[in-house]
Structure formats: structure tokens, C-alpha cells
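Let the sequences and hints guide you as you build the complete structure.
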Amino acid sequence: DAGVIQSPRHEVTEMGQEVTLRCKPISGHDYLFWYRQTMMRGLELLIYFNNNVPIDDSGMPEDRFSAKMPNASFSTLKIQPSEPRDSAVYFCASSLVGTTSPKETQYFGPGTRLLVL
Amino acid sequence: DQQVKQNSPSLSVQEGRISILNCDYTNSMFDYFLWYKKYPAEGPTFLISISSIKDKNEDGRFTVFLNKSAKHLSLHIVPSQPGDSAVYFCAARVSGGYNKLIFGAGTRLAVHP
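First to last, the protein sequences are chains C and X.
The working numbering applies: residue 1 is where the first sequence begins, and numbers increase by one.
The working numbering applies: residue 1001 is where the second sequence begins, and numbers increase by one.
Since the hints were derived computationally from the structure, they do not count as laboratory data.
Errors might be hidden in some of the hints.
[As the list claims (entries may be wrong)] In the DSS-like style, the derived pairs of lysine-lysine whose C-alpha atoms are separated by at most 27 Å in a straight line are:
1) K1071(X) with K24(C)
2) K1056(X) with K1100(X)
3) K1005(X) with K1056(X)
4) K1056(X) with K1068(X)
5) K68(C) with K1056(X)
6) K68(C) with K24(C)
7) K78(C) with K1100(X)
8) K1005(X) with K24(C)
9) K1100(X) with K1071(X)
10) K24(C) with K78(C)
[As the list claims (entries may be wrong)] Computed Cβ-Cβ distance ranges for the label pairs, DEER-style:
11) N1067(X) with L117(C): 21 to 29 Å
12) K1068(X) with S27(C): 35 to 43 Å
13) I55(C) with N1067(X): 25 to 33 Å
14) V12(C) with S1010(X): 26 to 34 Å
15) H1112(X) with E62(C): 35 to 43 Å
16) H1076(X) with E18(C): 43 to 51 Å
17) P8(C) with H1076(X): 32 to 40 Å
18) P61(C) with H1112(X): 36 to 44 Å
19) H1076(X) with N71(C): 38 to 46 Å
20) R1017(X) with T20(C): 41 to 49 Å
21) G1016(X) with V53(C): 33 to 41 Å
22) L1011(X) with R9(C): 39 to 47 Å
23) P81(C) with D1059(X): 39 to 47 Å
24) T1026(X) with V12(C): 34 to 42 Å
Source: prediction; values computed, not measured.
Using N, Cα and C, we set each Cβ at its ideal position, and we do this for glycine too.
This is the structure in C-alpha cells:
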């Protein structure tokens, strides 16, 4: 299994531009999570999906952020327009429903490092 | 309002000694606590966990202790090795919360020879 796949790995853009981050979860996993990592706040949960349906988006910072999951194998996180304070590492994670084992809780992708100039 | 707190941003330990990483939480509805380890340019990976009904869980060199009355948990690494140098995140799972995890800010551990 290739694990959770994220693209791009690095993104540099200018303030005001649209940014789209992509994620392919592990096949068969029913949950998908988007996180943002910053020095000040650590790992923050932005939004998560169950069976492609958004369950909790309370962590999305503002309307400039949106996330979609059109099918079980693909999700996007979009920032429009981007601002310098959005610079961070964005992680996607997936997990399997129906398990009580915390070992199966979440598998993380390698992250996308975003820099907004 | 941070529900999971790691108050030490960094820790430096000599190889062979014990590393102790601490974590505090405020929500009594967490049913599992987990530690994730993160190397640079990689995503976090699961390390060890503990159920809220237990007070200790051990896996090789790694032991997690839970003190529910104090809402405190700690990760002990004995003996520490240079390969343990990484950022360690404490996380708590929300009971009935669809595998939702609340993470702390992380502690950077440096193990030096």
C-alpha cells in the first residue's frame, strides 16, 4: 500500500492567488482528515469527512478555505485568496471506520509545505 | 482554547538516559490518548496509545503513563537513542467522535551522544 498521497509536496505562491492541495487516502479508509501544522499552534484539525461527507468543519479558519471530497479516493483543500498567514504545512490523514483499535486511528500523508509570499 | 497541551516545546537528553515528555488535557470525554512521532519532511506516525481506563501501557522502550485525576499523561523513552530525535505529538481521541483526534503543539526531542 502506498499510504496517503499528497500533492504537491511544496507550493510557493503569491498573496491573493488560489491554492489547491490534493490528497489520496489509503484505499478502503472511510475517514479523511485535513490538518494544518504551524509552530505556534501545532497540529490543528481543519475538517474531516466520513464516506465523502463533511462531518466537522469547525476548524476551518475562514471562508477563504474550502474542502471537497468528490469520491472515496480524492479530496482537495482550497484556499482562495491565499494570504501570508496561511503559510504552514498541511497534512491529510485517513482512517478506517469500525475499528476500536487506536492503532488504526489515523495514517498521515507526508504533507504539503505552503509558502504564501 | 487548547484541550491538549504540551508545555515544553523542546527537550534535550543524552543518549542512554530517560526522556520524559509530558502532556495535559482538559476534557474528561477523551477515551484514548495517543503519541505520534514526526520526523522532518514526513507525516506523523503512530507510536503508542493508552485507554482512559488504564494507567500504564508499555511497548519496548516506550511507556505511557496516565494520571486521570491530574488529567496528565507522560511518555517515557528508556534508553533514549539518537534515532528518537523527532517531534512528539500528544493526541486525545474524542469519545464517540468518529476517530477525531485533538493534538497538542508538539515537543521536539533531541537525543545527543
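Hint check results:
no.: 1; hint: K1071(X) with K24(C); result: 36 Å, violated
no.: 2; hint: K1056(X) with K1100(X); result: 22 Å, holds
no.: 3; hint: K1005(X) with K1056(X); result: 20 Å, holds
no.: 4; hint: K1056(X) with K1068(X); result: 11 Å, holds
no.: 5; hint: K68(C) with K1056(X); result: 40 Å, violated
no.: 6; hint: K68(C) with K24(C); result: 12 Å, holds
no.: 7; hint: K78(C) with K1100(X); result: 22 Å, holds
no.: 8; hint: K1005(X) with K24(C); result: 30 Å, violated
no.: 9; hint: K1100(X) with K1071(X); result: 19 Å, holds
no.: 10; hint: K24(C) with K78(C); result: 15 Å, holds
no.: 11; hint: N1067(X) with L117(C): 21 to 29 Å; result: 46 Å, violated
no.: 12; hint: K1068(X) with S27(C): 35 to 43 Å; result: 37 Å, holds
no.: 13; hint: I55(C) with N1067(X): 25 to 33 Å; result: 31 Å, holds
no.: 14; hint: V12(C) with S1010(X): 26 to 34 Å; result: 28 Å, holds
no.: 15; hint: H1112(X) with E62(C): 35 to 43 Å; result: 42 Å, holds
no.: 16; hint: H1076(X) with E18(C): 43 to 51 Å; result: 46 Å, holds
no.: 17; hint: P8(C) with H1076(X): 32 to 40 Å; result: 38 Å, holds
no.: 18; hint: P61(C) with H1112(X): 36 to 44 Å; result: 37 Å, holds
no.: 19; hint: H1076(X) with N71(C): 38 to 46 Å; result: 43 Å, holds
no.: 20; hint: R1017(X) with T20(C): 41 to 49 Å; result: 46 Å, holds
no.: 21; hint: G1016(X) with V53(C): 33 to 41 Å; result: 50 Å, violated
no.: 22; hint: L1011(X) with R9(C): 39 to 47 Å; result: 28 Å, violated
no.: 23; hint: P81(C) with D1059(X): 39 to 47 Å; result: 46 Å, holds
no.: 24; hint: T1026(X) with V12(C): 34 to 42 Å; result: 37 Å, holds
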